[in-house]
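A.B. asks: Taking the hints into account, I'd like the entire structure generated from these sequences.
Protein chains: 4
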Amino acid sequence: MEKAAVPAKKLVGNSYIEQGCNSLRSADSSLRHLVEQRRLPQRGWSDLAIRRCLDEVALMDSNNYEGNVGAGEREGRVYSELVKQRNHYLAHGMGRSGDIAANQPKAAGSALMCRITEGLVLDVLKSTGCNNTKSCVVLPVATGMALLTSLLYLRQCNPQASIVIWPRIDQGTCVKAPQTAGCELLVVEPVLEGDSLVTDVGRVEELIHHHGDKVLCVLTTTSCFAPRTPDKLVHIAELCKSNNVAHLVNNAYGIQCSRCMGLINTASLNGRVDLYVQSLDKNFLVPVGGSVVAGFSKEIISAVSRTYPGRGSSSPVLDLFITLLSMGREGFFQLISQRKEVYKKLKVKLQDLASVYKERVLETPNNQISLGFTLTPSNYKEDIKLPEIGSKLFTRNVTGARVVTCSGDKTVGKVTLKKWGSHSNEYPTPYITFAAAMGMTENDVDVVVEKFGQILAKVSVI
Amino acid sequence: MEKAAVPAKKLVGNSYIEQGCNSLRSADSSLRHLVEQRRLPQRGWSDLAIRRCLDEVALMDSNNYEGNVGAGEREGRVYSELVKQRNHYLAHGMGRSGDIAANQPKAAGSALMCRITEGLVLDVLKSTGCNNTKSCVVLPVATGMALLTSLLYLRQCNPQASIVIWPRIDQGTCVKAPQTAGCELLVVEPVLEGDSLVTDVGRVEELIHHHGDKVLCVLTTTSCFAPRTPDKLVHIAELCKSNNVAHLVNNAYGIQCSRCMGLINTASLNGRVDLYVQSLDKNFLVPVGGSVVAGFSKEIISAVSRTYPGRGSSSPVLDLFITLLSMGREGFFQLISQRKEVYKKLKVKLQDLASVYKERVLETPNNQISLGFTLTPSNYKEDIKLPEIGSKLFTRNVTGARVVTCSGDKTVGKVTLKKWGSHSNEYPTPYITFAAAMGMTENDVDVVVEKFGQILAKVSVI
Amino acid sequence: MEKAAVPAKKLVGNSYIEQGCNSLRSADSSLRHLVEQRRLPQRGWSDLAIRRCLDEVALMDSNNYEGNVGAGEREGRVYSELVKQRNHYLAHGMGRSGDIAANQPKAAGSALMCRITEGLVLDVLKSTGCNNTKSCVVLPVATGMALLTSLLYLRQCNPQASIVIWPRIDQGTCVKAPQTAGCELLVVEPVLEGDSLVTDVGRVEELIHHHGDKVLCVLTTTSCFAPRTPDKLVHIAELCKSNNVAHLVNNAYGIQCSRCMGLINTASLNGRVDLYVQSLDKNFLVPVGGSVVAGFSKEIISAVSRTYPGRGSSSPVLDLFITLLSMGREGFFQLISQRKEVYKKLKVKLQDLASVYKERVLETPNNQISLGFTLTPSNYKEDIKLPEIGSKLFTRNVTGARVVTCSGDKTVGKVTLKKWGSHSNEYPTPYITFAAAMGMTENDVDVVVEKFGQILAKVSVI
Amino acid sequence: MEKAAVPAKKLVGNSYIEQGCNSLRSADSSLRHLVEQRRLPQRGWSDLAIRRCLDEVALMDSNNYEGNVGAGEREGRVYSELVKQRNHYLAHGMGRSGDIAANQPKAAGSALMCRITEGLVLDVLKSTGCNNTKSCVVLPVATGMALLTSLLYLRQCNPQASIVIWPRIDQGTCVKAPQTAGCELLVVEPVLEGDSLVTDVGRVEELIHHHGDKVLCVLTTTSCFAPRTPDKLVHIAELCKSNNVAHLVNNAYGIQCSRCMGLINTASLNGRVDLYVQSLDKNFLVPVGGSVVAGFSKEIISAVSRTYPGRGSSSPVLDLFITLLSMGREGFFQLISQRKEVYKKLKVKLQDLASVYKERVLETPNNQISLGFTLTPSNYKEDIKLPEIGSKLFTRNVTGARVVTCSGDKTVGKVTLKKWGSHSNEYPTPYITFAAAMGMTENDVDVVVEKFGQILAKVSVI
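Heads up: the protein sequence lines correspond to chains A, B, C and D, in order. Quick note: the first sequence uses this note's numbering, first residue 1, plus one each step. Quick note: the second sequence uses this note's numbering, first residue 1, plus one each step. Quick note: the third sequence uses this note's numbering, first residue 1, plus one each step. Quick note: the fourth sequence uses this note's numbering, first residue 1, plus one each step.
Intra- or inter-copy, both count: the list cannot distinguish identical chains.
For lysine to any residue, the following SDA-like pairs were computed, each having C-alpha atoms within a straight-line distance of at most 25 Å: (1) K385 / Q19; (2) K418 / V403; (3) K9 / S29; (4) K419 / R203; (5) K451 / S26; (6) K298 / G413; (7) K414 / A161; (8) K340 / L353; (9) K134 / D123; (10) K3 / S26; (11) K349 / T395; (12) K232 / G72; (13) K9 / G390; (14) K414 / D200; (15) K392 / S26.
These are computed hints drawn from the structure, not numbers from a lab.
C.D. replies: What follows is the structure, encoded as structure tokens:
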């Protein structure tokens, strides 16, 4: 509208329009700054400013050119108005057939959005503790598929190797992804230190030495459920470096936790980390469906992008782009701080509750997200099975707490893991976990602990 | 985004971004042209282009300035995100306390949208047949309230006069508005010419002469249900001119009909027409709630605007602005042409049906929107009451057909009208009306006539 | 979806679907409760729950019936998808030709929404301090037009009377509305008590006695800019009762202030109040464009509704319906409490600032919304004109503060008011006003006072 | 609202509410029918009906339960209102860690939507010509990634085999996907029959015999650019069956073409087809990002789903669900018919143009989507390079036409293909291709041919 300021002034008056144009210029200036810097804006943008930005992005895609006519097989045609709108008139997805990070001639706006978003995410990764990061790519698939892509990239680099050494974490995707990549998974059981389950570095070293060139990589994990703790990344990274073995880190929801990010950073400086992978939904409060693969070399990230065959949905990028602009640096780090406070509060309130019911909160200081609360079987009425405590929470609208009874096996593909859910063949006690994750509020903690307490009051014999 | 082209090119490449910027420049150019010309664009805009325009408009209102803080009692604060969005972040409404057409310092964007919309509507009024129109104002009230405003304006000009001479039309609002304005309504019964009910010009003249200075205005009607026909505007306008009496025209849904518009134009050239009033919903296919008051002098329209006390909702203007941009000249006149075709088809198909059932379509050639189909009582089964034919259509999802039995009185305020619904004390036959209105399709005609035929087959004794 | 639970369970499993259906049943139950009680829900609804409710409302309007075909001239046809969506597929507006509060056969859903909204508003009016209220109607016009409608209703009741006695308030609409209604406005100057401008009850009484049957009503005001205070409603109401004169109260933004509501309640109990009128935007944080006319007799409100000729936009009702559901009782009264706190904070911070610059905050304890801050001319640099202080605030993005210099006249229609803006012919000092209105936050207060302080530092000679 | 009918009738009247409830019941009935049948509804649903359905789906996901509190690490929290809305409040994506087609306890609604959508797609696949299809899964990745997933599935079934025999098609993704899967690609050059490039079945057979157990699969293609024609699927399928070799079909945009679908059907009946893969965007007019993997055994499709590690975005399913409901069977098959007509028209108009410029349209009757138009070099001005013709179309807003000069090599991974773009080492003439794809209109054809003609007029020497 700024270019129409002259005739607009005739209609509404000079000073009013001039003030309005100041607002437009301010928005334009923020936009230019965003493209130039590709860093989180200090303050979040208004929804209106974000919408205008998206409108401009969309107008830069060929399917929105005035008078455009398609003569190919893929022309960004969209049938439903509802679908058009919910995709903000973007239709061409991201990437090209050879490279998910390539720019499309037909979709300059979408490509620009992808490039900016990569920059914003890189800014976040550096700011949250992994300052050594050099590049990243946002993939339109969730963490499991991103791990698979990373593994397939590593296999392309080293076709003779197929063994993945894996400190056990009982999360289905992690067992599945390597096997889908055609790899053999060697499981490294954790060792118990106090209440914590920690990486058996010695066993990892043994396996590396024993299998030699057949080892494709070590696959470690940062964010995890207590009492498992983040793997000893620095030690593993040093081992990988000295043995010339690749190192892939599953940092699924670790961006929200400075300890996880710091571990990766130090590991990358002191040893070898090829790639680290994280999901968008848990770290950035967007719907499930996207992930970030990051690393310490632009070339490697670029090669990973080229490994991904074909285009992908731009939906995850779009959700992330909107969200990061909406949060701004202030909003994002406010959430990070809030999470820390919530963790502290959750721990204290669970400890108070535990003292009443002769249980205790597992001491796992290296896990700064998840907390375990023991469920000593003899403390409960005879007719109560421990998993019912989880069900009762669910029917009281508390989701996500998990009761681990340390019993039962699970087979995923060719791998069978005993006492599935406990990350270990021999954890000494059943427990229930609670996570203090991004977006949880202090009020949420109150509700969770209150309802948990009500249930304990019913089922405990203490 | 165009101002960010330089850094964008570094990210996505010169040629892609250049093409994208061409699209942005094209949209900017259309926008400038719109503000300069305030005429319907030849081709309709895409929804994306419209949204971008609205975003720019909204950014020009102070409630959307970055960092704006309010210290008054009316600051455009909106609580609900849903409400913000559905109002496209506009909150200040239209007008100022003294004048519904005044520009607001706090809302330059909204004001600009109002001024542009007035221009677009003026363009439509001129293009559809009333080329002599000089000015118009879009009011955020429906036709009845717009008639009331017009009457109050006339009363302010001529405080001693309070009589409104009114060729009868059986539509509640028309009876109500003058009485709410504190006027006395003198009803002029129509005369029967063939099947048509036409204006009794002689009686109007008599009343003017008889009541002299007490006559505030003649209130005529163009668009109406058959067999009533548009009033003889040209004769009345001449009478008004020669007797120095104001003339207000209710052109409720007449913009869609070139005959109505032509009548007003000729009347304004040969005689006196002060104001003509029409609704937005029926002529422009927007939700109910707005109207246009138009006239042949900028000063009069300006005075009407000043008569309206206070601000108003900008919702009707927003709906109209979006719709006119979306239609463009081509879209709007395509609808006008379609309506003419639909009228012809409806007439022919009803005539065919009438010939089967020994009824006939009333010959009312001066009414080019509505058609009457006789319902001769003796043609129907004894236990059938004629209004049931309407109800049966309604339950078959055909809305808007009206059975007129020419019986029953209605009192609105102090005025009692006999045989309410038939516009006359003595129409010779019951009938049912169908309208070929803006937006009706040929397929709609098929469905309507088919279902009507099914009903006749059941209830007729022919 | 609940009716599809059986086949859904086959696809997704019994327990998951059962949990999902519980959520649907909960939403249905809230909906039923809303329709039955027509009272604010205790807790606000989620946007999703509101949208679902609106979808159901819309499906009940005939334009959304599957297979509906229109054969009338007003069929709820909407051209633009953007317009359809922003109106949530509602097109028929509110009311019928005779009565803005009547139910439409073609629009059962819209009608239901109107009836519920009236109930919600009545609940608010009673809960905020005017418990004696019996009925109200939401009009699709802003306050000025609602005052006009109320005056036209009073004129219909008493056609011989045309004088409106009006304790002066310098707000354009209030001067305009009575004149548009064809009334003569008798201005009652306020008297100065301390810093406050208060109603000259004696003069009102004089005028009533002097003009007798010619007096249509007294038009009083509650919410207003300091140093004017709410009129002495109780005294006036008693006068009106004993003299059999109507009493109309302009309570524009008074719902947010318990003192204003309490005054009206007491006045209605002890004397006569026919109607009180308020705007939607300022009290409920919706866009400008709607108002509420409330009173102490269902019959009177019903008669006012019938005074309004024709239909109207359902947009203001829709905005209000969404907003009240979104707020819930908790949200609404949290805003009410916040406003009180903000008023206190604003007063204290302004007093602190005043003490630095040898000014003072006007003591107007009966005005609990607006505050005046003196601007003693000799305290400012010679080249500074006092209104520039307001302009400087505006360019620093503080809107709504008003500098009143107590000079200059204004003519609205036939009425000329001296020293326009100061509500008085002789207020002793210039000042600037700030309002602590609904939606203002404590942070807003900080920003406003900080920026005002910066300006004073530049322009003051103290 | 239906459950609130009793109190609603008190407010608005029995008959009006009853009619409204009929509309709600009709929508409920359609919904139940949809869940029961999982087949395309005969007529498309209105956007309003679709929105209501989505609202119900969303309310069934735990993140939208009233009062839900999360205590896990993935709780469907979404930060931005814009993101919430564009995802219709769905946040949990699709699938679970082990299986992209599994139902999530926390997201019953999302899971239900996925199951319904699978049913709708299966219905489409059967109705468009591949009636033998037994099952399908919608993946939240584009075709390339779906081919990769299919290949990884095949590798899991047959870990010793790694050779993919591939009748050449010059589309980057097809070359990339097998290599990312760690396979060796054996390229089978096509043979020239008339103008058409057809499958060299003999060479495929030779390679199967030569490589024996090392052969993982044959990867054939249906939809392709002229003059390449769909592969001889039936012959290949018979070969695969008799040699016990897997057969994967890339049917990227073949759903829109009954010939492609019929080929797959016959091949599956007469020989072996393990899986066929297609993209969502081109066949269903949704944004890029989803695909369908279909097959002739529920177990195989189920195994493919389990190959996909982890969850995925529900965005592609959501877009498809909306679109298929919006189209209905009538809408979808109307588009299919339109495409056939458009193909015929495009061919005739291009032939007319060719005859003017001494060129000809390549005769490739087995390719019913794409057409080639020769560009004989000697027919053009000396300073014109043939690719410029494509660029000129692009700058005239005709996108998607491709000039193939039959020169230049391309290396993707370890595979180098000569004369990239022409699908062959030795096609005799340069040409330009045009596609008559889903969604193209007859008017589009006019514009394309007109603009192409304008360019020829400038560059041709004929």
